[in-house]
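K.L.:
Okay, here's what each chain looks like letter by letter:
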Amino acid sequence: MIKYFTNIFSGIVNLLKGMKVTGKVLISPAVTQPYPEKRDELKPKDRFRAELTMPHNASNEHKCTACGICAMNCPNQTIQVTKNKITDENGKPKIILDQYLYDIGSCIFCGLCTRVCPQGAIEFTTNFEHAVYTRSKLVKQLNQPGSKKMEVAKPAAAQQKVDAEPKQNNENNQ
Amino acid sequence: MLQLSDIITWIHEFLSANIPAEWAVKLIEYVLVGLGFLTLYALIALFLIIFERKICAYFQCRLGPNRVGPWGIFQVIADMVKILLKEIIPLKHNDKLLYYAAPFIVIMGSLLTFGGLQFAKGVHGVDFNIGVFYLLAVSSISIIGVMLAGWSSNNKYSLIGAMRSGAQVISFELSACLSMMAMVILCGSMNLSDMMESQGRLWFIFQAPIPAFIGMVIYLIAAHAETNRGPFDLPEAESELTAGYHVEYSGITFGFFYVGEYCNLFINAAIGALVFLGGWQPLHFPGCEGFNAVMDYIPSCVWFFGKTLLLIFLSLWVRWSFPRLRIDQLLHLEWKIMLPFSLFNILLMAVLVANGWVF
Ligand code: SF4
Ligand code: SF4
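So the protein sequences, as listed, match chains A and B.
The opening residue of the first sequence carries number 609 in this note's numbering; numbering runs sequentially from there.
The opening residue of the second sequence carries number 2 in this note's numbering; numbering runs sequentially from there.
In case anyone wonders, no lab produced these hints; they're calculated from the structure.
Any given hint could be a false lead.
[Stated by the list, open to error] Per the computed footprint, the stretches of chain B lying under chain A, defined by three or more beta-carbons under 8 Å from a beta-carbon of chain A, are:
#1 62–69
#2 315–327
[Said to hold, decoys possible] In silico PhoX-like links for lysine-lysine, alpha-carbon gap of 25 Å or less:
#3 A/632 to A/693
#4 A/628 to B/55
#5 A/651 to B/55
#6 A/611 to A/632
#7 A/671 to A/700
#8 A/700 to A/757
#9 B/27 to B/55
#10 A/691 to A/702
#11 A/671 to A/702
#12 A/625 to A/693
#13 A/671 to A/693
#14 A/691 to A/671
#15 A/702 to A/756
#16 B/55 to A/646
#17 B/55 to A/632
#18 B/337 to A/625
#19 A/625 to B/83
#20 A/700 to A/756
#21 A/611 to B/337
#22 A/748 to A/691
#23 A/702 to A/757
All of these numbers come straight from a predicted model, not from anything done at the bench.
No residue lacks a Cβ here, since even glycine has one placed at the ideal position from N, Cα and C.
Chain A with its partners taken away, still in its complex shape:
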């Protein structure tokens, strides 16, 4: 009998607590950012995946080794990595990136490519205005013309790579 009343009482208290929470949300400002009106002040969240890019530094160099892991992991075959075999100045054969094609029309923005890239060569930006008149324009080449592979300071970076790679693969397998 006592339990009946305490149940009702605690139920009412809990309902009021819930209404307090929603009441607070009611008076807090809306998170919606009106698009064409406030276009210049838009602040998309960093985690927002809108377009895949390959950052280049000032001397037009990127970090991609053309290993193709990103293309292999892409569920939609959105990425096409074309490699080139060249011989460097020491006479050693070397694989470099020829063309990195990304078709935004078939990307599902799952983020697997950036997650598996051992070099951290690609990343998502928040630029979301992709409207074009033909589908062929949706295919973009991410490596800039004439760009080169960045020369990384060998020991530290190499060590990091070895550490990072198996861990990430494990995560993906799970």
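Put chain B with the ligands on the given structure of chain A with help from the hints.
P.N.:
Positioned in the frame of chain A, the structure of chain B with the ligands alone reads:
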């Protein structure tokens, strides 16, 4: 101070002066009153739809409709035009007569209730000596429409939705009526005009604070459940039954259910405001003459619509806060908690009134 009733009296005098035949005056007045109620009905539904959409957006940190007109207030006009132009898809193998009659019964139920409300001082359709009883009786007519809609659609989802709706409305009707009965005991009359008059001194909620407050909470929960909204929206349960009883309806036949739902929201809040919060009576406290005089300057229809809007807002707050109940939890709430409490409330009120322990 210009009151709405003055305008009505003026129209009546104008008509009587210009038209000699008394029956013609009456006829014109009936038509005018009918048109007035229908217009008010549609306007209230439109207003409530945009009001709910805006409020629910703010409850979710959104902006809500904001494209058509300033702050999106003309969005509902656009929606209305769209729904009027939509095709009414005919069904095969269903009960045609009942299928098309159901939306009208729903609308009729809420429109009949409209006639019994008191919108401002001296502005009401009908004034019975059993006003409260009439309101409670006709506001439950729409459940017949809901059941017919579910049955005649020949669709298992709508049938389940209608059955749930029936179980829900019939059980919650009890608590709603019993909590009203407590207020009828306090007033000693079922006539809404008498109730308004006795609230002129002090609103019922202040006259007997404890039982009136319990009664009001019970009434608001029950009324909320009767409108099939909020945590009690099992009959519609989008995720289980797609849309419940009106799943087969399209175009304006669906629109009737939609409008009826919003008008029922208004009607329930209005009955709550009339019976517990003094309806169109301004806030008066015996002994504070200056304060009472200031309150009298606010027109009575503003008081009525303000209080109703407050209760509607409360209902929306509940709707957008809580998750949906299961059917057994719903019936548990009604039969094991609210019904005993409202019976006890009547007893408490009777004891208080019999001993004169009310303000
Ligand atoms: S972007 Fe990364 S994963 Fe893809 S080819 Fe280049 S280095 Fe390999
Ligand atoms: S985000 Fe997903 S779909 Fe898009 S390119 Fe990367 S892996 Fe492919």
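K.L.:
None of the hints should be skipped; say for each whether it holds.
P.N.:
Okay, the hints, checked on the actual structure:
By the rule of at least three residues with a Cβ nearer than 8 Å to a Cβ of chain A, the coverage given for the region 62–69 of chain B holds, with 4 such residues. Counting residues of the region 315–327 of chain B whose CB lies closer than 8 Å to any CB of chain A gives 5, so the stated coverage by that chain holds, three being the minimum. Between residue 632 of chain A and residue 693 of chain A the alpha-carbon distance is near 62 Å, which puts this suggested pair outside the 25 Å criterion. A distance of roughly 19 Å separates the Cα atoms of residue 628 of chain A and residue 55 of chain B; the hinted pair therefore holds under the 25 Å criterion.
For the given pair, residue 651 of chain A sits about 24 Å from residue 55 of chain B by alpha-carbon distance, which is consistent with the 25 Å threshold. At most 25 Å may separate the alpha-carbon atoms for a hinted pair to count; residue 611 of chain A and residue 632 of chain A exceed this at roughly 31 Å. Note on residue 671 of chain A and residue 700 of chain A: the hinted pairing holds, with a Cα-Cα distance of about 20 Å set against a maximum of 25 Å. Annotation: proposed proximity of residue 700 of chain A to residue 757 of chain A holds, straight-line Cα distance about 16 Å (limit 25 Å).
Only pairs whose Cα atoms come within 25 Å are accepted, and residue 27 of chain B paired with residue 55 of chain B is rejected, the gap being roughly 42 Å. Under the criterion of a C-alpha separation no larger than 25 Å, the hint pairing residue 691 of chain A with residue 702 of chain A is consistent with the structure, at around 10 Å. With a C-alpha separation of about 15 Å, the suggested pair residue 671 of chain A and residue 702 of chain A falls inside the 25 Å cut-off, and the hint holds. Among the hinted pairs, residue 625 of chain A with residue 693 of chain A is inconsistent with the structure: their alpha-carbon atoms are about 66 Å apart, more than 25 Å.
A distance of roughly 17 Å separates the Cα atoms of residue 671 of chain A and residue 693 of chain A; the hinted pair therefore holds under the 25 Å criterion. Using a Cα cut-off of 25 Å, the hinted pair residue 691 of chain A and residue 671 of chain A holds, with the two alpha carbons roughly 14 Å apart. At roughly 13 Å between alpha-carbon atoms, residue 702 of chain A and residue 756 of chain A fall within 25 Å of each other, so this suggested pair holds. Of the supplied pair hints, the one linking residue 55 of chain B and residue 646 of chain A holds, its CA atoms being roughly 20 Å apart against a limit of 25 Å.
Simply put, residue 55 of chain B and residue 632 of chain A have alpha-carbon atoms about 16 Å apart, close enough for the 25 Å limit, and the pair holds. Among the hinted pairs, residue 337 of chain B with residue 625 of chain A is consistent with the structure: their alpha-carbon atoms are about 23 Å apart, no more than 25 Å. Taking the CA atoms of residue 625 of chain A and residue 83 of chain B, the gap is near 40 Å; set against the 25 Å cutoff, the hint is violated. In summary, the hint linking residue 700 of chain A to residue 756 of chain A is supported, as the alpha carbons are separated by about 17 Å, within the 25 Å threshold.
Simply put, residue 611 of chain A and residue 337 of chain B have alpha-carbon atoms about 13 Å apart, close enough for the 25 Å limit, and the pair holds. Taking the CA atoms of residue 748 of chain A and residue 691 of chain A, the gap is about 16 Å. The hint holds against a cut of 25 Å. The straight-line distance between the Cα atoms of residue 702 of chain A and residue 757 of chain A is roughly 11 Å, inside the 25 Å bound, and the hint therefore holds.
In this structure, the hints that do not hold are numbers 3, 6, 9, 12 and 19, in rising order.
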